[in-house]
Amino acid sequence: MKEVIRVSDVVTRFGSNLVHDRVSLSVEEGEIYGLMGGSGSGKSTLLREIIMLMRPESGSIVVLGKELSNITYADAAWLRQQWGVLFQSGALYSSLTVAQNVGMKLREYTDLPDSVIEEIVHMKIRMVGLPEHAAELYPAELSGGMVKRASLARALAMDPRLLFLDEPTSGLDPIGAEAFDQLILKLRNMLGLTVIMVTHDLDSIWTIVDRFAVLGERKVIAEGRLDEVIETPHPIIRKFFWGARGRLRSAHGQ
Amino acid sequence: MGESKKEPQGTGEASPAARVRLEQAEGGWRLYCSGQWSAERLGGAVATLKKRVEELHDTTVHWDFSGVTQMDSAGMMLFLHYRERLEARHCRVEVSGQSREQRQLFELLRDFLPRQRPSKPRLGSRLLKPATDLGRATVHGWHDLLAFFAFLGENFFTLVRSLFHPLSIRFDAIAKNIQEAGVRALPIITLTSFLIGVVIAYQGAVQLQKFGANIFIVDMIGISVTRELAPLITAIVVAGRTGSSYTAQLGVMKITEEIDAMRVMGFDPQQFLVLPRIIALMIALPLMIFFADIVGIFGGMVVAHLHLNLSWTEFLHRLQNVVDVKHFWIGIVKGPFFAWLIATIGCFRGLQVSRDTESIGRYTTISVVNAIFLVIACDALFSVVFTELGI
Numbered sequence: 001m002k003e004v005i006r007v008s009d010v011v012t013r014f015g016s017n018l019v020h021d022r023v024s025l026s027v028e029e030g031e032i033y034g035l036m037g038g039s040g041s042g043k044s045t046l047l048r049e050i051i052m053l054m055r056p057e058s059g060s061i062v063v064l065g066k067e068l069s070n071i072t073y074a075d076a077a078w079l080r081q082q083w084g085v086l087f088q089s090g091a092l093y094s095s096l097t098v099a100q101n102v103g104m105k106l107r108e109y110t111d112l113p114d115s116v117i118e119e120i121v122h123m124k125i126r127m128v129g130l131p132e133h134a135a136e137l138y139p140a141e142l143s144g145g146m147v148k149r150a151s152l153a154r155a156l157a158m159d160p161r162l163l164f165l166d167e168p169t170s171g172l173d174p175i176g177a178e179a180f181d182q183l184i185l186k187l188r189n190m191l192g193l194t195v196i197m198v199t200h201d202l203d204s205i206w207t208i209v210d211r212f213a214v215l216g217e218r219k220v221i222a223e224g225r226l227d228e229v230i231e232t233p234h235p236i237i238r239k240f241f242w243g244a245r246g247r248l249r250s251a252h253g254q
Numbered sequence: 001m002g003e004s005k006k007e008p009q010g011t012g013e014a015s016p017a018a019r020v021r022l023e024q025a026e027g028g029w030r031l032y033c034s035g036q037w038s039a040e041r042l043g044g045a046v047a048t049l050k051k052r053v054e055e056l057h058d059t060t061v062h063w064d065f066s067g068v069t070q071m072d073s074a075g076m077m078l079f080l081h082y083r084e085r086l087e088a089r090h091c092r093v094e095v096s097g098q099s100r101e102q103r104q105l106f107e108l109l110r111d112f113l114p115r116q117r118p119s120k121p122r123l124g125s126r127l128l129k130p131a132t133d134l135g136r137a138t139v140h141g142w143h144d145l146l147a148f149f150a151f152l153g154e155n156f157f158t159l160v161r162s163l164f165h166p167l168s169i170r171f172d173a174i175a176k177n178i179q180e181a182g183v184r185a186l187p188i189i190t191l192t193s194f195l196i197g198v199v200i201a202y203q204g205a206v207q208l209q210k211f212g213a214n215i216f217i218v219d220m221i222g223i224s225v226t227r228e229l230a231p232l233i234t235a236i237v238v239a240g241r242t243g244s245s246y247t248a249q250l251g252v253m254k255i256t257e258e259i260d261a262m263r264v265m266g267f268d269p270q271q272f273l274v275l276p277r278i279i280a281l282m283i284a285l286p287l288m289i290f291f292a293d294i295v296g297i298f299g300g301m302v303v304a305h306l307h308l309n310l311s312w313t314e315f316l317h318r319l320q321n322v323v324d325v326k327h328f329w330i331g332i333v334k335g336p337f338f339a340w341l342i343a344t345i346g347c348f349r350g351l352q353v354s355r356d357t358e359s360i361g362r363y364t365t366i367s368v369v370n371a372i373f374l375v376i377a378c379d380a381l382f383s384v385v386f387t388e389l390g391i
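If you read the protein sequences in the order shown, they are chains H and V. Read in this note's numbering, the first sequence has 74 at position 74, and its numbers run on one by one without any break. Read in this note's numbering, the second sequence has 294 at position 294, and its numbers run on one by one without any break.
Chain H with its partners taken away, still in its complex shape (with noise of 0.2 Å):
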């Protein structure tokens, strides 16, 4: 397996508050791997870094073989084009369709014929299971769990190789993260993604993550399978996994 992503020895602080104190970890092509960890323990800053969104203060991330510190314009250009973000709330561009916002980046990056454009647009709506009839909706007029799957279309229009997914179930009913899990995992089979996520979701663990790191204390106390992060005797992991949720989970197994 290759490396798609290496984070090493990442230092953040914001104010006087340290974020990361030498976060470092890395991620294999094709794989789903999660970034966990309690709220405020830095997992959608460490995001926002590797996505180009932040600069950490000290310590280097590498992405497809491109070290973000001392990005060339060009090779950022790029980069950008290789990866599609579904964030949090969806950042769905209100003043825009659904249609019109999956196919942005295919008006403004390629020279397809507006006929084949629509073609794409309405076949990645139904292939995150949106309905066809919500391509001409606004984000306004759309549920919370069909402004994700919007969101995913428009991350998933220029087929990239990595998909960067920011809490991508919070908000949504039991049944409908379950789905969405469901729905991320065949597309990572079918079209071969690299995912990455942000999840504080520990069914989404227990289904779908390949490998995750955990983060606390401001470091990494954690990465690995699932098996392996679950014997680490840390007592963040411990609550983690062995509190009254996780324990419901460990004993029904996977």
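Be aware that a few hints might be false.
What the hints assert, rightly or not - Using 30 Å as the maximum straight-line C-alpha spacing, the simulated DSS-like pairs for lysine-lysine come out as follows: (1) H:Lys105 x H:Lys66; (2) H:Lys105 x H:Lys186; (3) H:Lys105 x V:Lys326; (4) H:Lys219 x H:Lys105; (5) H:Lys186 x H:Lys2; (6) V:Lys50 x H:Lys105.
As the list claims (entries may be wrong) - With beta-carbon atoms standing in for the labels, derived distance ranges: (7) H:Gly144 x V:Arg100: 36 to 42 Å; (8) H:Ala74 x V:Ser99: 26 to 32 Å; (9) V:Lys176 x H:Asn189: 32 to 38 Å; (10) V:Gly240 x H:His133: 39 to 45 Å; (11) H:Tyr73 x V:Arg89: 40 to 46 Å; (12) V:Ile169 x H:Pro174: 19 to 25 Å; (13) H:Asn17 x V:Val333: 33 to 39 Å; (14) V:Lys51 x H:Thr72: 34 to 40 Å; (15) V:Thr256 x H:Glu57: 45 to 51 Å.
Hints listed in this document are in silico derivations from the structure and should not be mistaken for laboratory results. All C-beta atoms in this analysis are idealised placements derived from N, C-alpha and C, irrespective of residue type, glycine included.
Starting from the structure of chain H, add chain V where the hints point.
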């Protein structure tokens, strides 16, 4: 698994862009494809296909993919689109040279192809569009008007109820809004009314000098500023400044569901947000008009002094003699009416904001335009009424 397997690592610039070559072959045509058929590199292939495919009809086309290094779903859709176009022109399409990954991609996408093609509206309905638009706009305007009346009714009800329970009036909010809408606006009011006084005095001075009637500048400034200009200019500035901020404030509260939160906690938004704003502006605006009167007349005085050599004392002396106090009162009386219009429109439009961010901008614009129009219309009405009444 993925079509991305074949892609060379690195920047992706290593493999050539997608190309299509059309050549005559036995029993028809051969479309030879090569390069990387991924979304951002399809430009060349699209150009060729667009140009050349239209020439083909009633023939057999061999579509050869053997030169394609990599293909993504955009590339596959491009192929599917043109295959359909060719078939519509009675061509037989034979596909060859597909790799295993490409065939898998095709299998994958086939399940998700749109069942019916997205269709354009028919010609008839397109021709009727101006008429349907007009109809829609009329109905929309009618609903808007009804909603406004409903808002007014609710507002009036809240007002009457507050009068019976004076303790429920939000005096803190009123004071805060007077501070925000009135006191903070004084610098801009000073500037605009001073300049208006200067402009009127200058224009008047040139004409009056011709007749040697310099002293009448006092009558002119005194009456026009107090009776018409100070109220109107102040109201327009306030409409732009405060009316828009009312709409934006309430609009954002609507989007962030703060207004819903207030409703469920039993805090009537009319009582907590709308009424204090309206009352505050109705108190503040007359005071601001009074202030604008002073500054405007002072502006005229400066010009009269510099340009017409009218001394300060002479100006003030004549001002007291010729300008009836009724002109001043007429100007002040307009204040609460203008304030009511501006604040009511501002709050009404703010509460109309829907869930998308764009509508804040739209309704803020509408609110300012409506308020300025209504202020001017109301002023015209006052002019007619007062003149007819001989005041």
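Verification of the hints:
1. H:Lys105 x H:Lys66: 22 Å, holds
2. H:Lys105 x H:Lys186: 23 Å, holds
3. H:Lys105 x V:Lys326: Violated, at roughly 66 Å.
4. H:Lys219 x H:Lys105: Roughly 36 Å separates the two Cα atoms, so the pair is violated.
5. H:Lys186 x H:Lys2: 21 Å, holds
6. V:Lys50 x H:Lys105: Cα-Cα ~21 Å, so holds.
7. H:Gly144 x V:Arg100: 36 to 42 Å: For Arg100 of chain V against Gly144 of chain H, whose Cβ atoms are near 39 Å apart, the range 36 to 42 Å holds.
8. H:Ala74 x V:Ser99: 26 to 32 Å: Given a distance of about 30 Å, which is inside 26 to 32 Å, the answer is holds.
9. V:Lys176 x H:Asn189: 32 to 38 Å: 59 Å, violated
10. V:Gly240 x H:His133: 39 to 45 Å: 42 Å, holds
11. H:Tyr73 x V:Arg89: 40 to 46 Å: 44 Å, holds
12. V:Ile169 x H:Pro174: 19 to 25 Å: 47 Å, violated
13. H:Asn17 x V:Val333: 33 to 39 Å: This hint is violated: roughly 58 Å between Cβ atoms.
14. V:Lys51 x H:Thr72: 34 to 40 Å: For Thr72 of chain H against Lys51 of chain V, whose Cβ atoms are near 36 Å apart, the range 34 to 40 Å holds.
15. V:Thr256 x H:Glu57: 45 to 51 Å: The hint (45 to 51 Å, Cβ to Cβ) is violated, given that Thr256 of chain V and Glu57 of chain H are roughly 32 Å apart.
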